[in-house]
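> Here's the letter readout for the chains.
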Amino acid sequence: MEVMIILVPLALALGLAGLVGFLWSLKSGQYEDLEGAAWRAIADDDEPAAPAQPEAAPSRP
Amino acid sequence: MHVTRDFSHYVKDLGAGLKHIDLAVEGVSCAGCMAKIERGLSALPDVTLARVNLTDRRVALEWKQGTLDPAKFIDRLAELGYKAYPFEKASAEATEAEESRFLLRCLGVAAFATMNVMMLSIPVWSGNVSDMLPEQRDFFHWLSAVIALPAAAYAGQPFFRSAWRALKTGNVNMDVPICIGVILALGMSIVETFHHAEHAYFDAAIMLLAFLLVGRYLDQSMRRRTRAVAGNLAALKAETATKFIGPDEISEVPVAAVRAGDLVLLRPGERCAVDGVVVEGRSEIDQSLITGETLYVPAEQGTAVYAGSLNISGTLRVRVSAAAEGTLLAEITRLLDTALQARSRYMRLADRASRLYAPVVHATAALTVLGWALAGASWHDAIVTGIAVLIITCPCALGLAIPTVQTVASGAMFKSGVLLNAGDAIERLAEAEHVIFDKTGTLTLPELEVVNAADIPADIFSVAGQLALSSHHPVAAAVAQAAKSRSPLMGAVEEPGQGVRAVVDGVEIRLGRPAFCGAEALVAQHASVDPEASVVAFSRGDQKYLFSVRQGLRPDAAKIVAGLQRRGIKVEILSGDREAAVAAAAKALGISEWRAGVTPADKIARVEELKRAGVKVMMVGDGMNDAPSLAAAHVSMSPISAAHLSQATADLVFLGRPLAPVLAAVDYARKALHLMRQNLWLAVLYNVLAVPLAISGVVTPLIAAAAMSGSSILVMLNALRARRVREEAASWK
Numbered sequence: 000m001e002v003m004i005i006l007v008p009l010a011l012a013l014g015l016a017g018l019v020g021f022l023w024s025l026k027s028g029q030y031e032d033l034e035g036a037a038w039r040a041i042a043d044d045d046e047p048a049a050p051a052q053p054e055a056a057p058s059r060p
Numbered sequence: 000m001h002v003t004r005d006f007s008h009y010v011k012d013l014g015a016g017l018k019h020i021d022l023a024v025e026g027v028s029c030a031g032c033m034a035k036i037e038r039g040l041s042a043l044p045d046v047t048l049a050r051v052n053l054t055d056r057r058v059a060l061e062w063k064q065g066t067l068d069p070a071k072f073i074d075r076l077a078e079l080g081y082k083a084y085p086f087e088k089a090s091a092e093a094t095e096a097e098e099s100r101f102l103l104r105c106l107g108v109a110a111f112a113t114m115n116v117m118m119l120s121i122p123v124w125s126g127n128v129s130d131m132l133p134e135q136r137d138f139f140h141w142l143s144a145v146i147a148l149p150a151a152a153y154a155g156q157p158f159f160r161s162a163w164r165a166l167k168t169g170n171v172n173m174d175v176p177i178c179i180g181v182i183l184a185l186g187m188s189i190v191e192t193f194h195h196a197e198h199a200y201f202d203a204a205i206m207l208l209a210f211l212l213v214g215r216y217l218d219q220s221m222r223r224r225t226r227a228v229a230g231n232l233a234a235l236k237a238e239t240a241t242k243f244i245g246p247d248e249i250s251e252v253p254v255a256a257v258r259a260g261d262l263v264l265l266r267p268g269e270r271c272a273v274d275g276v277v278v279e280g281r282s283e284i285d286q287s288l289i290t291g292e293t294l295y296v297p298a299e300q301g302t303a304v305y306a307g308s309l310n311i312s313g314t315l316r317v318r319v320s321a322a323a324e325g326t327l328l329a330e331i332t333r334l335l336d337t338a339l340q341a342r343s344r345y346m347r348l349a350d351r352a353s354r355l356y357a358p359v360v361h362a363t364a365a366l367t368v369l370g371w372a373l374a375g376a377s378w379h380d381a382i383v384t385g386i387a388v389l390i391i392t393c394p395c396a397l398g399l400a401i402p403t404v405q406t407v408a409s410g411a412m413f414k415s416g417v418l419l420n421a422g423d424a425i426e427r428l429a430e431a432e433h434v435i436f437d438k439t440g441t442l443t444l445p446e447l448e449v450v451n452a453a454d455i456p457a458d459i460f461s462v463a464g465q466l467a468l469s470s471h472h473p474v475a476a477a478v479a480q481a482a483k484s485r486s487p488l489m490g491a492v493e494e495p496g497q498g499v500r501a502v503v504d505g506v507e508i509r510l511g512r513p514a515f516c517g518a519e520a521l522v523a524q525h526a527s528v529d530p531e532a533s534v535v536a537f538s539r540g541d542q543k544y545l546f547s548v549r550q551g552l553r554p555d556a557a558k559i560v561a562g563l564q565r566r567g568i569k570v571e572i573l574s575g576d577r578e579a580a581v582a583a584a585a586k587a588l589g590i591s592e593w594r595a596g597v598t599p600a601d602k603i604a605r606v607e608e609l610k611r612a613g614v615k616v617m618m619v620g621d622g623m624n625d626a627p628s629l630a631a632a633h634v635s636m637s638p639i640s641a642a643h644l645s646q647a648t649a650d651l652v653f654l655g656r657p658l659a660p661v662l663a664a665v666d667y668a669r670k671a672l673h674l675m676r677q678n679l680w681l682a683v684l685y686n687v688l689a690v691p692l693a694i695s696g697v698v699t700p701l702i703a704a705a706a707m708s709g710s711s712i713l714v715m716l717n718a719l720r721a722r723r724v725r726e727e728a729a730s731w732k
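Note that the protein sequences, when read in sequence, are chains A and B.
Residues in the first sequence are numbered from 0 upward in steps of one, following numbering that gives the first Met the number 0.
Residues in the second sequence are numbered from 0 upward in steps of one, following numbering that gives the first Met the number 0.
Bound-form chain B, shown alone (with noise of 0.2 angstroms):
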């Protein structure tokens, strides 16, 4: 059967006989990858554009219409060493894109703005007590008031919008103090020029916009930047299925462009990326990413197959069923929205420093007012002054306190290895006071490893290894790489689900099944060591040997686990798996409460349990059975290696094979959240003596643009300290 590779799902047609791909492509790391791709791939003819997005990780190809195949692409990446994968720009991406070059617009149209109202604001605050004419001060101001009011209508529309949106729906947020703080420092300046009056504020409503677009456009940065990633992430996974598209002859297609009822065809070793029923064929299935179950489950015809099953002795023909027809998936995805309800609650530091703001803030400018006017102000006088509280009681420290801390600790967050994918996880993470671990795939590596390689000889060992290659059964694969091997074996022969065979110098050896290789009495015996691995079996003449292979625990997870204790945080393990797995990984790491053999349900019940008590959980697990509790729990985090749907609720994603991205989010977090609540109150301590300064009258223009700029420097500064937490806690490192 001929294999080909079908990319027409991700070309675009951009006319004039010129085509486009977007690929993502995994370890462009520096300018010298960038100029190495770019020259290899512009010497391809019929190449028109070939640049690569270094923040993004990502090479975006033009080239003409006629023979060059797409897939053309890829082999010349991986030529020059780089794996790429086709890639399509998930919506909500491109959404978020678009919303990232609006709020650039505003801040540089509300940048322009404070610049020229300032650079007309500096004569008329030095003038007015020197030598400046009424006439001259007023044509400022008016020029002022034309520049910044088109500016401050089209750079507030982010506020405006948000306000609005809080407003029709009765609540309250951070924009709306904002909006009114704006709006009447213009309206008021407005009138005020028109009586002649010393002051206007100008230049503080539109210096006002524009930190608080800072801020925005910080925050928003942060959240792309981390879809870009996780973006990629999915398009590395290579989502393809091998679709068949006649009777014999099949293509490898992606999952986009597969129907239900098409017929998808499933080697060993491949992992099924689609939901369906085996429709021929007999294999062994590992489903250890749905269930967390480790034991193989028997498949033939009839079987119902789900996305992220691993299949591992014999081909499978699969009949594609709609992707919500499982029972399980179903099950789970009604949990899954229940749950994801529930934590929609969570207010964000941000939304209760602001639910106090508003109506403190509100209420001293009315009290200011109403003073000054039973003080026998004129009623001009004392709205001039209240307006001066609100302008001063600047939102902009408090606007840009948290969005500051917040992207500096995910960058620092996103060198350690954890993407974060929901934007107050920080603060709910630092909260986090008792950790459920998932034990497939999270504590343990998704891999396979040989545990007793020391108990092998190297000859047979690298022999083995070479043998292995020839096999596509996951298992074999596992020896393949423990042993290093790089060439197969001449003549190997794979015997489905049996094992391979070849033959080395005149002797036969066979690696598969103990019963393929006559090694039925190691078997028993090895069982009684380690009930829970698999195995694999080895004969060359008489000589036999049994590899025991089994998915391996993180390198530094117990090191970790006593990292998350000494932090004062609970550690518990929750697991699909069979009892006895899970005791021994728990008496590994030194964890006294474990379950083993739990459903979904039951760790939703747990998880639900456990916040009854008023307990802060935090759930890091990959498989789907884990997406609802993932999605229940106050914080969670999951591995890359983890099932799309967990993934997807996940609100940090960890990489690579260590579990220190743990601990050091939980780090970074906690000392996040305390600059944060620091930020919050250097605001408010700016505010207690700006204040009585407004309330008494005396804050001109200048001071409120001074107090203004200085305060949200101080915040910005502050929240620089993000990026490092303290040495001797940094044990992760």
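Chain A extracted, bound-state conformation (with noise of 0.2 angstroms):
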């Protein structure tokens, strides 16, 4: 039974982590924007900025 010394502190660890990584992403905003979140992950990543400005410069005044 001494593989319980190395198991039983590795699993809390593990707990841990995963605690820690929650309040984590609590804390940086991640719970503010369900909807949001959930189309950024399928959204196109970030085309560089140049196609969004051709079609945003006619309709200026």
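Each hint should be verified, as a subset may be incorrect.
Said to hold, decoys possible - Calculated pairs, EDC-like style, for lysine to aspartate or glutamate (alpha carbon to alpha carbon, straight line, at most 20 angstroms):
#1 B:K167 <-> A:E34
#2 B:K71 <-> B:E92
#3 B:K35 <-> A:E1
#4 A:K26 <-> B:E92
#5 A:K26 <-> B:E292
#6 B:K414 <-> A:E34
#7 A:K26 <-> B:E97
It is worth saying that the hints were derived from the structure and are not from the lab.
Need the complex rebuilt from these two chains, each delivered in its own frame; the hints are there to steer you.
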């Protein structure tokens, strides 16, 4: 049963790592916009600003 | 005069040369909008952050301090096709957001502890029947204690606090038995572990907290979402005023930045955002939002105007008075206070359930201890069994039974255009058996409509619409809207208080007062046909026409009223408007009970009269004159166009032009109440099955844990049914 000396602290450390990760994600505001986050995951990566500008330019007065 | 827009009130200084502003954006609905807005705004020079929050429909912007004017963001968003308004978080919303983060932190801690204690418990449960050494079992129990005790101390805070608050005021709420159960279970487990006993209940206690925190968090996030939407709507209503910052210089500022004594400009077609007194100018004002009366009131020097009044014809300069000084508002506020007090006596279903639950459970536990002691068991065994009863009569299902249904039902209502202001509104709405509607703005649409469009030749209509675009008068705006006009006529001249004129193909055309267009003869005729409509005349050479403009009924009002009546709900109209107007609306909708010309006090009196007769009244109204009766009624609802005060008092707010959300809300609420009761019965049934086991002393921690999670999951699954109401009932779809 010496294996417990390694396994129990290891299991606890993993659990704590999960908890710390959760608290960090909470603190960094990842639960503020759950709907948006769902869409961001499948949105295209940010293209360089180049394609956005030409389409926006003509609408400027 | 040059108008500047001043947003400095909303801009936050982040330090290091960075500025921050929050904008509420209308019409953001999908991922496409999100990407478009973020790219469009990031393309502006000096912008360091543009992030859309799709849940709250807001954009957070940060930029380098310097030449960039925040008004530029709003213009940019307008170019992209979105209407945006600067937004200030109400303090109530900030508190809710903090509370929700705290609950989530507690939930995270409790979930972590539950999983790890479970991991230690399962070997103990299986080891007890096989070959686990007592030393190993004790070690696992101690380890569980080390995890569970601090976790419970942290994650139990919401319950401990709420129970303590209730006990201090001499009350008992749901959290008192929860706290007693958790503390006793943990305490007993420590004692048992100390005595090398076989069973400890650390897992059950911490799992109980985790499940209950799920319920709390759901409840909280439902309220938070409503707050966020309500906050946006307040911002979208563009609470700005045109303030004089010099003798001839004006600036558009947020209402929050207007002080008593300031001078503001009120142009035709603008809604007054402040209370004040006219110091210069002459006009007519529409006070229907305040009094329900649709006839215009003349305004001149010395006339008091209230927030919510619509300026019709002339430009006014208004001296802002302190908000509370207005006699009308003061009176309404006073009525409001008393009415709100009366309603806070309502006891929620959950509180009623827990008031029954606590004494029954505690008595059962005490009897169990006594019974076992009398039957000859040792005190130790008797107490252990008693505590097992407390744990197994898990308030878990009870704590989830109502919040889960509320969350699911409020989500369904949200989709059909109803926002909840109060958590217990669903229960009260389901009980409503008598609906009192206000007329102006509630049964009718807040905007004006041309009613005789069919009688006017199409070419006349379209040219009149084009001419109307040059006028600020709301009646003219209604004509322009009805004609779907886009391009204004060149060279149109507005004569204040009279109308607009222009010359087209050498012929002068005029739109305005009948006298301005020489159409007095038509007015006499018209008055006998439709006495309540406002008229605007149009002339082209000798051709003269009258447009009859009034607030039309909501398109589906008759259907919805009939639907309410079919559900056994009595419908009544109480309006501050003239008798003729109310009678016509009541006739069109098939409502036999109506009263016209009622004051706010009359409305309350009627609500009180029905209440005394034991009738559960639902009040649907929008005006400031409705606010006290909204508060006095058992449950209340306002359209989103309502005056601020009544929106804040209403339990529910509905969106859009149709009246259908009122009926949808009733249907969902009835279904939800049904499910809440069913869930409570499920919880009771579970207890009936589990408690005898606990009393007989055969409940091991394994059975406790399985029974607890089983009942919670059952109740949650049942709550999901609140999403749907039966098809045949859903005629409002």
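> Given the proposed pairing of A:K26 with B:E292, does the C-alpha separation stay at or below 20 angstroms?
Between A:K26 and B:E292 the Cα gap is close to 51 angstroms, so the pair fails against 20 angstroms, i.e. violated.
> Hinted pair, alpha-carbon criterion (20 angstroms max): B:K414, A:E34. Please report holds or violated.
holds, 15 angstroms
> When you check the alpha-carbon spacing of A:K26 and B:E92, does it fall within 20 angstroms?
holds, 18 angstroms
> Is B:K71 close enough to B:E92, meaning Cα to Cα at most 20 angstroms?
violated, 27 angstroms
> Would you check the hint for A:K26 and B:E97, treating anything up to 20 angstroms between C-alpha atoms as holding?
Holds: A:K26 and B:E97 sit about 11 angstroms apart, inside 20 angstroms.
> Tell me if the straight-line CA distance from B:K167 to A:E34 falls inside 20 angstroms.
Cα-Cα ~40 angstroms, so violated.
> Keeping to a limit of 20 angstroms between CA atoms, is the pair of B:K35 and A:E1 held or broken?
violated, 59 angstroms
Violated hints, in rising order: 1, 2, 3 and 5; the structure is consistent with all others.
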